[in-house]
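Chemist: If you want the building blocks of each chain, they are given just below.
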Amino acid sequence: MREARTGLWAAALLVYLFLYLPLAVVVVYSFNDSRLNAEWVGFTWRWYRVLLADEGMLHAAVNSILIALGASLVATVLGTMAGLAIHRYHLRVLPILVITPVAMPEILLGVSLLLFFIQVLHLTLGLVSVLIAHITFCVGFVAIVVRARLAGMDESIFEAARDLGATPWQVFRRVTLPLILPAVIAGALMSFTLSIDDFVITFFTAGVGVSTLPLQIYSMIKIAVTPEVNAVSTLLMLLTLAMILLAARFDRTVLRGRG
Amino acid sequence: MKNLLSAKDAKKREGKPKNTFWLLKNFFAPLRVLRGQMILTFLACLALSAQARDELHLYNWNNYISDATVARFEATCRCKVVQDYYSDNEEMLAKLAAGATGHDLIVPTGDAVESLIKSGQLRPLEKTKLPHLKNVDPAYLDTAFDPGNRYSVPYAYTITLIGYNVGKMRELKLPTDTWAVIFEPGYLKKLKGRVTVLDSQRELMAAALKYLGYSANDTDEAHWRRARDLIIRAKPYWAAFNASSYIKELTVGNIWLAHGYSNDMFQAQQDARLAGRPFTIAYATPKEGAVLALDSMVLHQSGPRPDLAHRFIDFMLEGKNSAELTNLIGSGNPNRDALQYIEPAIAANQAVFPPPAVQRRLEMLKDLDRNQRRVLSRMWTEIKVH
Amino acid sequence: MTRERLTRWLVAGPPFVFMVVFFVLPALIMVAASFRIPGEHGGLAPLHEHGAWQLTPETYAFFFSDFIYTEIFLKSFLVAALTTFLCILMAYPLALLITRVPKRFRDVMILLVVLPFASNFLIRVYAWMIILGPQGALSAAVNRVAGAFGLEPVALLFSPVAVVVGMVYVHLPFMVLPLYTNLEKHDPLLLDAAQDLGANAWQRFWRVTWSLSLPGVYAGSALVFIPVLGMFAVPDILGGTGDILIGNLIKEQFLGTRDWPFGSTLSIMLTLMVLASAALAMRLARRSLAHA
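Protein sequences, first through last, are from chains A, B and C.
By the working numbering, the letter at position 43 of the first sequence is numbered 43, and the numbering carries on one by one without gaps.
By the working numbering, the letter at position 130 of the second sequence is numbered 130, and the numbering carries on one by one without gaps.
By the working numbering, the letter at position 273 of the third sequence is numbered 273, and the numbering carries on one by one without gaps.
Since the hints were made in silico from the structure, they are not lab data.
Computed from a predicted structure; not experimentally measured.
One should not assume that every hint holds.
Computed from the model, here is a short list of chain C residues facing chain A with C-beta under 10 Å [said to hold, decoys possible]:
1. Arg8
2. Val20
3. Phe22
4. Leu28
5. Ala32
6. Phe117
7. Phe121
8. Tyr126
9. Val154
10. Ile226
11. Leu229
12. Met231
13. Gly263
In silico lysine to any residue, SDA-like type, Cα no more than 25 Å apart, as pairs [said to hold, decoys possible]:
14. B/Lys168 x B/Lys190
15. B/Lys235 x C/Lys185
16. C/Lys103 x A/Leu17
17. C/Lys185 x A/Trp9
18. A/Lys222 x B/Lys190
19. B/Lys192 x C/Val164
20. B/Lys190 x B/Pro236
21. B/Lys189 x B/Pro236
22. B/Lys366 x B/Arg225
23. A/Lys222 x C/Gly256
24. B/Lys134 x B/Pro344
25. B/Lys189 x B/Arg233
26. B/Lys189 x C/Gly150
27. B/Lys192 x C/Pro160
28. B/Lys235 x C/Ala146
29. B/Lys190 x B/Lys287
30. B/Lys366 x B/Pro355
31. B/Lys189 x B/Lys287
32. A/Lys222 x C/Ser159
33. B/Lys127 x B/Pro306
34. A/Lys222 x B/Ser244
Derived coverage of chain A by chain B (criterion: at least 3 residues anywhere in the stretch with Cβ under 8 Å from a Cβ of chain B; other residues may be distant) [said to hold, decoys possible]:
35. 118 to 128
36. 209 to 223
All C-beta atoms in this analysis are idealised placements derived from N, C-alpha and C, irrespective of residue type, glycine included.
Turn these sequences into a full structure, and let the hints guide you.
Modeler: Right under this line is the structure:
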């Protein structure tokens with residue numbers, strides 16, 4: 001028994017090493033004083049200064065945030081409605097509609113939306129097309145989370161409210177929403193992260209000139225790798241780390257007490 | 001499907017809230033900070049865009065203009081140059097085919113210019129607004145892709161050639177003036193894993209066709225197949241197909257021989273010198289001939305500011321401005337007035353300014369039709385997979 | 001009753017309409033596009049030209065006219081299968097361990113699995129570019145070992161190995177989470193009972209833990225296998241001269257060759273493959289549930 005346990009720990013440590021070593025390398029090399037980024041030369045803050053002066057990167061960051069805010073807002077509203085509808089009315093088609101985009105390889109959604117925007121809507125690819133595309137795959141995530149939350153609830157609360165003569169809106173506003181709020185917020189945060197992180201779908205639906213952080217990183221990796229990529233990666237990691245720690249705190253204290 | 005779902009939200013679905021108020025306090029507070037920052041950035045953006053209403057939208061190759069030149073143009077026209085970039089013609093054409101609009105000026109290569117003209121995407125030039133057009137070497141005017149230069153003005157050119165690590169090639173006693181060293185297993189044996197070729201269907205096929213003695217624009221399928229077989233035979237010795245990282249690989253010394261663009265080789269040469277490497281990088285045009293890519297400035301139909309675009313073209317036709325690009329990236333320069341401003345070392349480089357004998361063996365690529373594109377794409381897939 | 005129906009439409013209507021317009025319609029457009037003719041300069045040729053409808057199944061014929069495309073599909077399938085297998089191999093011990101540590105550590109350990117996943121996936125792929133690069137310590141070590149055995153030096157970056165490593169790295173958390181949620185529900189009494197019945201450690205694992213965890217394995221596998229099938233960025237960044245998968249092929253048609261109809265055909269083929277694997281995963285999961 002003890003041997004098995006030691007083996008497990010060894011395996012787990014290896015996996016953690018596998019998970020963290022690459023990221024550590026990225027961070028360390030962001031301080032490397034060499035444009036070639038091949039071997040360690042010396043310590044420098046240079047790449048962070050380069051990064052902060054990089055207008056294209058800042059522009060991309062603003063785009064990413066705008067899109068993520070817009071997409072998570074709309075997706076949260078639509079996704080919550082979908083989750084409620086699926087739970088309450090036992091619909092058959094809607095679940096398939098909202099969940100398939102989540103389960104499909106992203107490239108398929110990207111390509112079909114590209115065709116649709118150009119062939120049918122004659123839309124110039126840009127912020128709007130990316131926004132719509134992001135909403136499309138975020139709705140499913142929100143719906144899943146909200147529906148899961150509703151599924152764990154006592155149906156009698158809602159019935160009681162209805163019996164007391166509350167209108168559907170009042171039931172939603174006073175009873176349902178407060179109860180599902182953690183799920184709604186979790187869904188919104190998830191959508192935000194998914195949107196700000198998305199590369200594949202954005203790659204197909206962003207036209208020329210509308211860049212997001214992942215697109216910018218991709219072109220830097222493909223074209224000219226300098227430690228500026230490492231610097232932006234490090235900053236992004238810090239940001240997401242902060243968000244996750246926040247969410248983890250939320251998870252442990254609020255979403256604790258499993259069902 | 002249920003299982004798929006339960007996995008993803010497994011962590012989120014657990015349990016009930018203790019206290020909604022706690023949640024509001026802890027979750028909305030940071031969000032509010034975030035929103036505050038958002039509004040600030042947004043305002044900053046608005047301020048930026050309001051300040052520069054006169055904008056020239058330039059869709060150009062990566063690293064294909066000097067920042068100093070842009071700054072000088074911005075000062076003279078009192079406008080702002082907004083740049084977007086592409087790294088190959090196919091990408092640019094695909095983006096335009098996918099409905100990208102709003103660019104006043106694009107700098108495509110000859111065959112892409114041809115495609116853009118044929119599809120009616122370009123705006124004819126007003127020559128009266130281009131007094132410096134007389135500076136251009138007539139050898140680069142009136143080309144097959146745009147007879148009479150109704151739509152395009154030469155900007156710069158590059159030659160697709162081979163770059164190499166001088167010491168290694170000498171040590172291995174390998175020739176550096178022929179495509180054979182890229183394609184013949186006899187030579188490649190000594191270079192296994194140290195060679196890269198361009199990740200470009202047209203360029204690699206053109207090199208192979210040239211080596212086989214055909215035109216780079218040959219569209220005979222049998223000839224294409226021979227070129228494909230040549231490539232497949234050589235492929236096991238190559239380290240990678242890549243688009244631009246060979247610059248770094250040459251500089252670092254991982255790669256000893258690369259098929260690529262003359263301006264990239266120039267950069268590798270300079271980088272190696274600056275980094276104090278113990279070896280030097282050189283480049284040469286193979287004797288069988290090579291592809292010359294003449295990049296030209298064209299006006300896109302959708303561009304809102306043809307006036308600024310014309311001013312920009314004429315500005316770039318001034319020798320001093322044009323020379324700045326050559327001095328920066330080592331590109332070929334079709335501008336006769338620019339020669340006096342070009343650094344002597346670059347002006348004397350035969351791989352940048354080919355002598356007439358070499359010039360005759362250079363070819364510009366022509367556009368392919370849709371069926372040829374599909375056939376070539378399949379051959380490319382075969383090349384990649386085998 | 002009418003009011004009930006009205007509420008129902010108000011709630012279900014907007015997401016329904018949105019998804020029909022931006023998901024179902026584009027999918028149909030893609031099917032239609034696969035039967036059309038590419039435009040001379042990209043995009044699609046006009047639907048009605050020269051007095052006839054320009055629709056043709058030629059892209060499908062083209063797909064099957066050469067084994068090469070089937071070959072790439074098979075190759076993608078193999079890469080996806082291998083990635084899934086390696087993910088199970090790495091995720092299982094970890095997930096198992098997490099269920100066996102004191103409760104207060106579990107969240108932290110799970111969080112540690114999810115954390116790297118929160119950095120952008122391109123960054124995670126890029127990290128391997130540095131590590132596997134010829135200057136990296138890993139390459140040096142591997143080549144020293146290879147040299148000791150008299151083998152030629154190998155390049156790790158730009159190789160199929162790099163592609164699989166990248167794929168595993170990017171998708172590993174998708175395997176750990178469902179496995180953990182499944183393993184966590186197991187009743188430890190079952191293992192005790194098995195021990196009392198004389199089962200040795202291996203038998204206890206194989207007959208009890210593993211077979212009970214199959215639904216989790218299938219769920220995780222679907223979450224890894226399906227995205228890997230369509231992934232183009234990993235082979236794009238880490239792959240070498242021969243590493244193209246379906247995703248790269250599709251991307252090439254849309255952003256390189258400007259052959260949208262053929263790109264659509266490839267996408268439809270990929271969709272069929274995904275649906276088949278999802279159906280298989282669900283069937284297996286259901287069967288294992290029925291057995292358990």
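Chemist: Determine for every hint whether it applies to the structure shown.
Modeler: Results for each hint:
| no. | hint | result |
| --- | --- | --- |
| 1 | Arg8 | 6 Å, holds |
| 2 | Val20 | 7 Å, holds |
| 3 | Phe22 | 5 Å, holds |
| 4 | Leu28 | 9 Å, holds |
| 5 | Ala32 | 9 Å, holds |
| 6 | Phe117 | 9 Å, holds |
| 7 | Phe121 | 7 Å, holds |
| 8 | Tyr126 | 5 Å, holds |
| 9 | Val154 | 18 Å, violated |
| 10 | Ile226 | 6 Å, holds |
| 11 | Leu229 | 6 Å, holds |
| 12 | Met231 | 7 Å, holds |
| 13 | Gly263 | 7 Å, holds |
| 14 | B/Lys168 x B/Lys190 | 10 Å, holds |
| 15 | B/Lys235 x C/Lys185 | 52 Å, violated |
| 16 | C/Lys103 x A/Leu17 | 22 Å, holds |
| 17 | C/Lys185 x A/Trp9 | 21 Å, holds |
| 18 | A/Lys222 x B/Lys190 | 28 Å, violated |
| 19 | B/Lys192 x C/Val164 | 23 Å, holds |
| 20 | B/Lys190 x B/Pro236 | 13 Å, holds |
| 21 | B/Lys189 x B/Pro236 | 10 Å, holds |
| 22 | B/Lys366 x B/Arg225 | 19 Å, holds |
| 23 | A/Lys222 x C/Gly256 | 15 Å, holds |
| 24 | B/Lys134 x B/Pro344 | 23 Å, holds |
| 25 | B/Lys189 x B/Arg233 | 12 Å, holds |
| 26 | B/Lys189 x C/Gly150 | 17 Å, holds |
| 27 | B/Lys192 x C/Pro160 | 17 Å, holds |
| 28 | B/Lys235 x C/Ala146 | 23 Å, holds |
| 29 | B/Lys190 x B/Lys287 | 21 Å, holds |
| 30 | B/Lys366 x B/Pro355 | 23 Å, holds |
| 31 | B/Lys189 x B/Lys287 | 22 Å, holds |
| 32 | A/Lys222 x C/Ser159 | 16 Å, holds |
| 33 | B/Lys127 x B/Pro306 | 13 Å, holds |
| 34 | A/Lys222 x B/Ser244 | 8 Å, holds |
| 35 | 118 to 128 | holds (count 5) |
| 36 | 209 to 223 | holds (count 4) |
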